[in-house]
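Participant: Each chain is listed here by its residues.
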Amino acid sequence: MKPTTWNYEPQRPAFSRALMALGNTRKEIVVASADLSSSVGTHAFSQEFPERHYNFGIAEQNMISTCAGIASTGKVVFASSFAIFCTGRVYDQIRQSVCYPKLNVKIVATHAGITVGGDGATHQMIEDLALMRALPNMTVVVPADAPETEKAILAAADYEGPVYIRIGRANVPVCTTGKDCQDFEIGKATVMRDGDDVTLVGTGIMVAKCLEAAEELAKHQVSARVINLSTIKPLDERILIKAARETGCIVTAEEHSVVMGMGAAVALVLVENAHVPMKRVGIPDSFGESGEPDDLMAKYGLTVDNIVDGAHDVIKRRGR
Amino acid sequence: MDETVSKEKAGKLEETAMKVRRHIIQMIYDAGSGHPGGSLSATDIMVALYFDVMNHKPEDPKWPDRDRFVLSKGHAAPALYACLAESGYFPLEELKTFRLIGSRLQGHPDMRKTPGVEASTGSEGQGLSMGLGMALAGKLDRRPYTVYVMLGDGENDCGQIWEAAMASSFFKVDNLIAIIDRNKLQLDGPTNKIMSLEPLADKWKAFGWNVLEANGHNIAELLEAIHKAKQVKGMPSIIIAHTIKGKGVSFMEGAVGFHGKVPSEEQYKKAMQELGASA
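Residue numbers (our numbering), protein chains in the order written: chain A, 1 to 320; chain B, 1001 to 1279.
None of the hints are false.
Below, a list of computed lysine-lysine pairs in the BS3-like style, where the Cα atoms sit at most 27 angstroms apart:
hint, chain 1, residue 1, chain 2, residue 2
1, A, K242, A, K188
2, B, K1269, B, K1019
3, B, K1057, B, K1233
4, A, K27, B, K1139
5, B, K1172, A, K27
6, B, K1113, A, K233
7, B, K1203, B, K1172
8, B, K1096, B, K1012
9, B, K1139, B, K1228
10, B, K1270, B, K1012
11, B, K1062, A, K102
12, B, K1113, B, K1261
13, B, K1113, A, K102
14, A, K27, B, K1062
15, B, K1007, B, K1057
16, A, K102, B, K1139
17, B, K1269, B, K1012
18, B, K1113, B, K1062
19, B, K1062, B, K1172
20, B, K1203, B, K1184
21, B, K1230, B, K1007
22, B, K1057, A, K102
23, B, K1009, B, K1019
24, A, K316, A, K219
Quick list of simulated restraints, FRET-style, between CB atoms:
hint, chain 1, residue 1, chain 2, residue 2, range
25, B, R1112, A, D158, 12 to 22 angstroms
26, B, K1139, A, M20, 15 to 25 angstroms
27, A, D309, B, D1141, 52 to 62 angstroms
No lab work stands behind these hints: they were computed from the structure.
Every residue gets a Cβ at the ideal spot worked out from N, C-alpha and C, and that includes glycine.
Chain A with its partners taken away, still in its complex shape (with noise of 0.2 angstroms):
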């Protein structure tokens, strides 16, 4: 798990192999598409449980709503799409039909974020955590790389009521294989890095960056401690306050707009409870554009370099 050493995997691969295992074991699993079941990752169920898996076409609202529907009868349905189909523009199914009624149906957003790259800003969800963390009833999860997000996929269709669980398109390195990462729960954020100067908070694919980052700053004598919050929504705030008051600064990461998303939710946690200086890496308030994802993570400020200037301004702020 050291940055030196990065595997870099997919993960939508891995929520595919979660799904056939979930298929093969549980019968009250079933699966919805919507016209992009060879994108997303839910085609090798649809060929496997071809009775379980319904291609709703390119008709989000009803697939979610309908979802809904088949849930109430006790089964447990995960339904997948591309972020920016799945949240924005099926806002009110999803409040409407699955969250009120707090019924088993488990949203997988794929390719959100900049880093879908060339589709540009149409496609590049960047404010799905500040509409799914809004919504009473409903947990947003954010796994870091391919490992968490099978583990993610197979503990969502644990849990009782509506999930939200957001991954990439690009391949994203390997950096749970740690032993602190071994048992994932949702709710539970985890500690991937000890240190004392400043806390680095990652969700997704910064992840990865804030512990690059760390390895950086080590180089300047800061010592980083690196959270992995895979959960955004419940929030570990336990964890947060904790490093908030041991380490005295935070700077969160996310591949998301600065506007109510990640960093948004902790920074209202510490408000309340351990006020320390912030500073929040993430998408400005802004619309991303076509490009390859590197340049586009870099012209929009999420790079190992932003994350250890803002550990540098969150520290000076704080002073010593």
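Since the structure of chain A is provided, determine the placement of chain B on it from the hints.
Facilitator: Chain B in isolation, oriented as in the chain A frame:
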């Protein structure tokens, strides 16, 4: 079921419908808010379903093989609650709590709060999809139940209705029967002035549905239409039930104003009298 519905049976159901209508007026008058017009137009259809057609057990609301009813036009909740209470899902007394804080009887149906409510509805356009989901699950588990979904006619403006229409015929859910409460009025006015729906039957036919029409206030006719719908295999059925908004209360009939308006004390008394309440 008999091909022709006996006069006696229809007469009994009509009596129940009168009772349900009185509950509706009482609930909305007591609550000081609610939707009388669309509740009264839907009453006979819901009475036909709950008191004759549907296979259900009020003493066991979660019986897996029960027929399901989804009130997609959730604002007709008073009619649903009255039918559920009269069926025995909860005490008639509880109807007095409609729309009050802490009540199990929310302004729009809540499947988590009210025994017998199958779907949480109220945001127009989602109930047909929910019913489709229940129908698909029924097919998957080889359960014998039928899903009934009541749609408002104004609700046919919603795009999601047509997504669900397309999917339902594609998935060949012959265990799904939709009924449109075609009262020809929506909140802002007549449906043909707000957003034209016609030719409505042709639209549903084009989407692959078995389409029937019936007088939504003639219980014998409704029962026959539902019976016919149940015989059709390989496709979903829809019954366009021609109704009158506010049916049963003279001054509410066909009146746009009573979509979501509470009767005054005088109007309340008159309505109850017309609905056969003993003075």
